[in-house]
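Q: Protein chains in written order, with the numbering used here: chain A, 1 to 506; chain B, 1 to 340; chain C, 1 to 158.
Calculated from the structure, these hints are not laboratory results. Any given hint could be a false lead.
Straight-line alpha carbon distances no greater than 20 Å define the calculated PhoX-like cross-link-like pairs of lysine-lysine that follow [unchecked claim]:
id : chain 1 : residue 1 : chain 2 : residue 2
1  : B       : K154      : B       : K144
2  : A       : K225      : A       : K427
3  : C       : K33       : A       : K225
4  : C       : K127      : A       : K427
5  : A       : K286      : A       : K243
6  : C       : K67       : C       : K8
7  : B       : K70       : B       : K38
8  : C       : K67       : A       : K225
9  : B       : K93       : B       : K183
10 : B       : K185      : C       : K33
11 : B       : K232      : B       : K250
12 : B       : K329      : C       : K33
13 : A       : K427      : C       : K130
14 : A       : K427      : C       : K33
The calculated label-pair distances, taken between Cβ atoms and stated as ranges, are [unchecked claim]:
id : chain 1 : residue 1 : chain 2 : residue 2 : range
15 : B       : T309      : A       : H221      : 56 to 66 Å
16 : A       : I370      : C       : L30       : 52 to 62 Å
17 : C       : N108      : A       : I474      : 56 to 66 Å
18 : B       : D147      : C       : G38       : 52 to 62 Å
19 : C       : L30       : A       : A492      : 47 to 57 Å
20 : B       : P139      : A       : S15       : 40 to 50 Å
21 : B       : E117      : A       : I413      : 19 to 29 Å
22 : C       : F16       : B       : E117      : 30 to 40 Å
23 : B       : K178      : C       : Y147      : 53 to 63 Å
24 : B       : N313      : C       : N108      : 38 to 48 Å
25 : B       : E117      : C       : L30       : 20 to 30 Å
The beta-carbon is built from N, C-alpha and C at its ideal position, and this holds for glycine as well.
Residue strings, one per chain:
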Amino acid sequence: MGAVYLFQAVIEQFSIMNLLYVFVATQLGIIIGMLPGLTATMGIALLTTLTFRWDAGNAIVTLISIYVGAIYGGSRSAVLLNIPGTPANAATCLDGFPLAQSGRGAEAIGLATTSSFLGSVAGLIALSFFTPVLGNLALEFKSFEIFWLAIFGVAICGNLTAAKDNLKGWISGILGIIFSFVGMEAIQGYPRLTLGILNLYTGFDIIPVLVGTYGLVEILHNLSKKDVKEAVSQIGRVLPRFKDVVANRFNILRSGLIGVVIGIIPGVGENIASYVAYDFSKRASKTPEQFGKGSVEGLIASETANNACVGGALVPVLSLAIPGSPPAAVLLAALWLHNVRPGPLLMIENPRYIYEFSAMFFWATCAMFILGLTIVKPLLRILRLPNAILMPIVFIFCTIGTFAINGRFFDLIVMIFFGLLAFPMRKLGFPEAPFVLGIILGPMIDENLRRGFILTNGNVLSFFSSPISMMLIIAVFFTLFARSRPVKYVFAGVSRGFKSLVRRGS
Amino acid sequence: MRKKISVSLCLVLLVLPGLLFAAGTKEKSSVGGWKPTKTITLVVPWGAGGSSDLTARILAGEMENRLGVKIAVVNQPGASGATGTKAAFEAPKDGYTWVGNADMSIATYQILDLLPEISHRDWQAYLGILTPCVITVNPDSPIKDWDGLVHAFKTREVAVASAGIGAGGHVAAETFVKYIGTKYKHVPYKGGNPAVVATVSGETEVVMQLSQEVADMLRAKKLRAIAVMDNKPLMITGLDLIPPITNYIKEFPTVAFHFGLFIPRGIPQEAQDSISEAFAVAVQSKALKDMAEQKASIAVDIKGKEADTVMENAASLFSWLLFDTHVTKISPEKLGIPRP
Amino acid sequence: MEDNKLVKADFVVSLFLITFSIFIIVQSLLMPKYEAWGFYAMPAMTPFIFGFLLLFLSLILLGRSLKGGGHRIRITRIQIADALRSSEVKRFSTFLGAIVVYFLLLGNLNFVIVTAAFLFSMMLFFKGAKWWVCLIISVLTAFIVWYVFNRIFLVPLP
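Whole structure, please, built from the sequences with the hints as guidance.
A: Now the structure itself:
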């Protein structure tokens with residue numbers, strides 16, 4: 001029945017005017033996503049102001065398209081320049097940029113587009129058919145569960161490096177976490193590690209840090225090189241081969257599922273989804289040594305997951321009025337401003353709205369796919385521009401993006417600081433991906449650990465009391481120790497015993 | 001040929017959004033003596049989607065028309081809104097920088113030592129929304145009514161969620177236990193929405209956040225209302241009246257928050273007049289009334305001297321409460337704030 | 001960087017990290033305890049734990065670099081002089097200096113003028129193209145950026 005309603009809504013929205021809104025807004029979202037510093041959150045907030053007087057339907061379809069477009073658009077700059085356009089695409093840099101450098105830029109963009117599309121479809125399915133069921137999952141993630149999820153994030157830091165050096169990955173991650181503690185904390189409101197500077201009370205926003213560690217470092221790296229590198233010729237088809245996609249069907253399915261589930265968890269957004277999917281994909285891969293050097297699988301995992309996360313994040317928005325990610329929080333506010341009241345009442349008062357909303361999402365997804373594949377080749381010309389011209393311009397965009405987020409001059413100083421910190425880090429083999437992940441994870445760990453203790457008066461056992469916690473703990477354990485000898489030994493023993501049992505049984 | 005087409009297509013798609021959105025920004029004629037010539041910046045020192053943000057965005061949207069210029073809403077969250085408020089205060093006093101915040105926050109930055117140099121008296125307030133705190137519990141909780149609530153607080157340690165130290169729910173809970181004479185377990189979250197969600201999910205039993213933040217969950221029966229911290233009952237469309245707390249404790253003060261715009265004093269008089277006039281129109285708008293109805297709060301029109309009184313009362317009530325509960329060590333007396 | 005050099009660099013880095021982690025641990029010990037909340041809720045809790053974790057990991061790094069002979073570094077004056085004279089360092093510091101000047105000028109002068117000047121000087125210095133091409137690109141970029149962001153999208157510009 002749901003499918004019929006969805007189909008009806010999709011047909012109803014098929015009009016020239018509506019499609020114009022969708023395509024223009026999606027393109028705008030892609031551009032916003034591409035510019036370092038301007039994120040999906042920012043884009044939706046900006047457009048909320050501009051569309052305030054519009055008719056509710058047009059305004060909402062515009063905002064959804066911006067969201068979908070921006071999360072996808074960030075992959076462009078990640079692949080072309082090694083600068084993630086939004087935090088969601090930081091994991092895309094790991095493999096997307098090496099692919100582009102080896103002359104497979106068109107293919108990388110095509111793959112990113114296709115996997116974003118497939119991820120978006122996974123999100124669409126969750127959104128339109130499972131919203132009532134999955135919505136309640138959001139309520140299962142309380143302080144303890146989110147704490148363990150964050151710990152799992154720390155555990156995968158060691159895996160997010162191109163080199164085999166797990167140690168440096170973890171050091172990077174923990175450094176990021178420590179930097180995230182700067183500022184007023186969430187429980188008693190005490191300003192930690194601020195050295196008495198009021199500007200540091202707000203802590204480090206993720207955007208200046210991201211733009212500094214990726215954007216500025218890349219600019220400095222390119223400009224300080226003596227010889228200007230010859231642009232790699234970018235020939236090749238954009239549309240990925242069907243068999244490449246089919247070969248990755250499990251990878252796509254897995255990443256889509258991870259994206260949707262992480263999207264549903266309140267407050268945990270696209271960035272973590274893409275990191276986790278990347279890690280899972282590396283673990284499951286037959287060629288894990290290719291990861292970080294231009295692995296197609298890694299690129300697919302990251303891009304599928306972050307777009308699947310968009311759909312996932314909107315599930316609790318519709319069913320409970322709880323945003324699943326930071327951009328979804330702004331979208332929720334926009335819905336309220338337009339007198340649409342998502343939440344538990346929506347199912348009772350206007351159950352068909354889910355399908356209307358999903359249909360908007362559907363059109364935005366289609367627009368993203370088509371726009372993503374059509375203007376790849378002119379875009380690749382960016383790579384042919386000499387660094388001396390391109391990099392100063394990129395720097396201007398980095399500056400504007402960083403400033404625009406909060407309108408604070410201090411954020412520019414933060415960006416420079418982290419750029420100067422990350423530049424030697426990169427040269428010395430400390431990867432930046434875990435560092436950025438650490439900045440995101442730090443507050444999650446801090447808040448939820450201490451709140452969990454407050455709730456149970458310091459009872460440690462309560463952290464192990466729910467099934468979701470246990471699952472996450474097991475995941476952490478295997479992430480950290482699966483390759484160590486005793487665990488392998490036990491594991492091999494168990495599987496051997498199991499196999500012999502099966503054989504005897506048959 | 002194909003290259004040319006794709007390049008031009010690329011250009012068209014780049015330019016089109018600009019044109020489309022530029023079309024919506026036609027300048028309209030302004031009123032009053034003051035003719036703003038550039039975009040007004042409205043700093044909301046909280047995240048997008050919160051109560052301050054919603055109120056500010058609606059007011060901005062309505063006032064744009066009257067003033068004839070665009071009003072850009074900029075979210076500058078962090079440090080309980082202190083840094084964003086400070087930045088706006090330090091901007092040139094020409095009427096082009098406003099703040100969208102709550103009376104309580106503006107009134108307590110000084111006492112919490114976040115902005116030691118800026119007093120609530122340095123601001124002219126324009127308050128558009130009034131929203132009282134509501135005592136609500138998780139529907140599975142054994143607490144069914146007022147007596148049950150008092151009994152629970154007296155016999156066990158009840159976990160109360162709040163949006164953080166000094167936030168609405170915290171102030172309400174502290175006031176409540178002051179009158180009941182018990183203790184409770186304060187569980188702070190990062191914002192009103194997470195605190196309400198924690199109570200819906202059962203992680204905490206009680207939440208006393210603003211009516212705005214709990215209205216939809218009450219309507220959906222995911223929370224149960226016990227009383228509103230006001231002297232008149234609260235009406236939420238589709239629900240029974242929520243009894244006022246003064247039904248049970250006569251002298252219980254009203255714990256309610258005003259949301260609106262704050263503009264530093266010392267801007268040109270004609271700018272002040274024009275803003276006042278535009279504000280008066282904006283609070284009568286359907287958009288604000290709809291939002292108030294939907295979010296179980298009240299659209300008000302408080303400005304000028306009346307707003308100063310409201311701010312003074314808020315400062316006195318909240319500062320002393322924070323001092324008495326040892327949240328802050330600075331005495332309100334030092335700042336010349338009388339005890340309520 | 002070659003492995004040999006990297007091991008030596010690791011040695012220096014690990015010393016830095018150890019100092020930093022001790023700084024964090026000391027800082028967290030100085031934070032207020034908020035006894036009323038219970039010891040488990042104090043703000044120092046997580047910085048303390050992660051300070052220790054960092055200390056632990058940097059000690060492993062130190063041990064590893066010692067095993068590889070990382071402590072045998074010799075820094076001579078000639079090496080430093082060579083490093084300072086290299087064009088890489090020159091380019092790096094010029095760009096950084098330009099950024100500082102740019103940021104200092106930003107709030108004080110018109111955005112379009114400062115940005116165009118910054119772009120033009122950088123493109124010239126790094127020899128991007130002929131000077132008039134650079135000029136056109138810089139002025140156009142600065143103007144378009146200002147127009148789109150400030151006029152259409154109402155984004156505050158520095």
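Q: If a hint holds in the structure, say so; if it does not, say that too.
A: Here is what the structure says about each hint:
no., hint, in the structure
1, B:K154 <-> B:K144, "15 Å, holds"
2, A:K225 <-> A:K427, "13 Å, holds"
3, C:K33 <-> A:K225, "50 Å, violated"
4, C:K127 <-> A:K427, "25 Å, violated"
5, A:K286 <-> A:K243, "17 Å, holds"
6, C:K67 <-> C:K8, "11 Å, holds"
7, B:K70 <-> B:K38, "8 Å, holds"
8, C:K67 <-> A:K225, "33 Å, violated"
9, B:K93 <-> B:K183, "46 Å, violated"
10, B:K185 <-> C:K33, "17 Å, holds"
11, B:K232 <-> B:K250, "12 Å, holds"
12, B:K329 <-> C:K33, "15 Å, holds"
13, A:K427 <-> C:K130, "33 Å, violated"
14, A:K427 <-> C:K33, "40 Å, violated"
15, B:T309 <-> A:H221: 56 to 66 Å, "59 Å, holds"
16, A:I370 <-> C:L30: 52 to 62 Å, "58 Å, holds"
17, C:N108 <-> A:I474: 56 to 66 Å, "58 Å, holds"
18, B:D147 <-> C:G38: 52 to 62 Å, "30 Å, violated"
19, C:L30 <-> A:A492: 47 to 57 Å, "49 Å, holds"
20, B:P139 <-> A:S15: 40 to 50 Å, "43 Å, holds"
21, B:E117 <-> A:I413: 19 to 29 Å, "22 Å, holds"
22, C:F16 <-> B:E117: 30 to 40 Å, "37 Å, holds"
23, B:K178 <-> C:Y147: 53 to 63 Å, "56 Å, holds"
24, B:N313 <-> C:N108: 38 to 48 Å, "42 Å, holds"
25, B:E117 <-> C:L30: 20 to 30 Å, "26 Å, holds"
In summary, the numbered hints that this structure violates are 3, 4, 8, 9, 13, 14 and 18.
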